[in-house]
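One letter stands for each residue in the lines below.
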Amino acid sequence: MLGAVLLGLSLWSPSNWQGPRGLASEAVAPVAEAGATARTGGQGFFGSIAGYFRAGSQNAELKEEVELARIRLQEAKAVEQENQRLKVLLGLAEQEVGPVAVARLVGSTASSTRRFAYLGAGKNDGVAIGMPVRGPRGVVGRVLETSANISRVLLLTDSQSVLPVRLADEDVVAFAEGRGDGRLQIRLINLGINPLEPGDVMVTSGAGGYYRPGIAVAILTEITDDGGIARIISDPAATDYVSVEPIWQPEAVAGAQQPVDQVLAE
Amino acid sequence: MERVNPSARRDAYGSRINRVHSPVRAYSIPTLSVMAASILPFFFVSGGVAIIPPLGFLMLLGWRLVRPGLLPVWAGFPLGLFDDLFSGQPFGSAIFLWSAAVIAIEITETQLPRRSFAQDWTIFGLIILAYIFSAALLSGSDVSLLIILALGPQALLSVLLFPIIARMVARLDRIRLKRVRRVH
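Sequence lines, in order, name chains A and B.
Using our numbering, the first residue of the first sequence is number 1289, and each one after it goes up by one.
Using our numbering, the first residue of the second sequence is number 139, and each one after it goes up by one.
Derived by calculation from the structure, the hints in this document are not laboratory data.
Here a beta-carbon is modelled for each residue, glycine too, at the ideal position from N, C-alpha and C.
Hints are all accurate, no fakes.
In the SDA-like style, the derived pairs of lysine to any residue whose C-alpha atoms are separated by at most 25 Å in a straight line are:
hint, chain 1, residue 1, chain 2, residue 2
1, A, Lys1411, B, Phe182
2, A, Lys1411, B, Phe220
3, A, Lys1351, A, Asp1457
4, B, Lys316, B, Ala304
5, A, Lys1351, A, Leu1508
6, A, Lys1365, A, Glu1353
7, A, Lys1351, B, Gly186
8, A, Lys1411, A, Pro1424
9, A, Lys1365, A, Asp1523
What follows is a set of in silico ranges between Cβ atoms, one per label pair, in the way DEER data are often shown:
hint, chain 1, residue 1, chain 2, residue 2, range
10, B, Arg147, A, Ala1436, 54 to 60 Å
11, B, Ile302, A, Leu1361, 44 to 50 Å
12, B, Ser166, A, Glu1314, 22 to 28 Å
13, B, Phe271, A, Glu1510, 24 to 30 Å
14, B, Ala174, A, Gln1346, 37 to 43 Å
Generate the whole structure from the sequences, applying the supplied hints.
So, in structure tokens, the structure goes:
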């Protein structure tokens, strides 16, 4: 009975339990850090074996490099286009920003339907709620809760995650929603003739103010009536280090959170 | 002289002379093993779907079915509370579902006069399926047919784990009841 009451409470306001949960994850963080090291070590080990059996370990490395280069190319196209648009509209120069923290993903909620990951950096490293998290390939998710040395990240694949995206080389805007089965649902904002094709790369659009525009998000695999289904580019299970970046436009985020009547009253 | 009873001096739990069970071991091992199993899925990074079985819950069911009466009926509350800290489910989900599961087993056992391995596995399987489904419903995500389908591998894996869990519990039970304390 007590369980039902607590469950009701936490469904009603999920942030209530941040304290005890943070404390608990802090407690296992050192072990998790070791686990993460072993995991990436293990992946590297299996990677070398696979490379040896194919054509020497270089092959595997080169393949990864080419893959990264392909993603970079798409991102570069997106950045180029972004720059053009900004120059035309505002004449503003984009500033490169450094990451707030670089850390490993130390754990995840691997047995629950919700998709959260735990990051080995917290308030002490300057991580704050809402900051975007990205791997070397693309967006991983967004910081949801922070405690001293560990923070909880909402992954893109969670069914509650929504991210504004656009096509890498065209001005087609859409939302990328987690489907809950590991893929993303791309929903176009302007309905009409569907301009998407399988193989298209979606990048962040910068709308909403959290993510910098032009970071790779997903590759389309299927086309539906209102958009498509896409696979994420940066799979958290395959990433080694991820970086936490500052919120791109804090004013825009603060503005979006302010109720309309409050703005009118001022 | 021929011994009357071969296990008079020694049995599976160790020497019977000048040794008794350790109460600390006897009471802590079930709880600690369930707690350890609750933390274990935390260390796996899974980006797409839930794939690791809810090990803490499997361990709890294992202890309850292999060693009935050892864990009290209210055990689901404290152990579920601990699991909620790590599982990513909304707080209270495991407290509620674990308690409900232990009570459900209690009720079925009063109805069924016999017990067997197959029967235990069936009860385990049914409860696990119900648990994974209700945990998804209570997780706070928009439950669609897709999410239910994506739970398939995890559910299958969990149900198939019963023989291993039962073996592990039996092995832990032997450690639990080992006579390690000297009387004098």
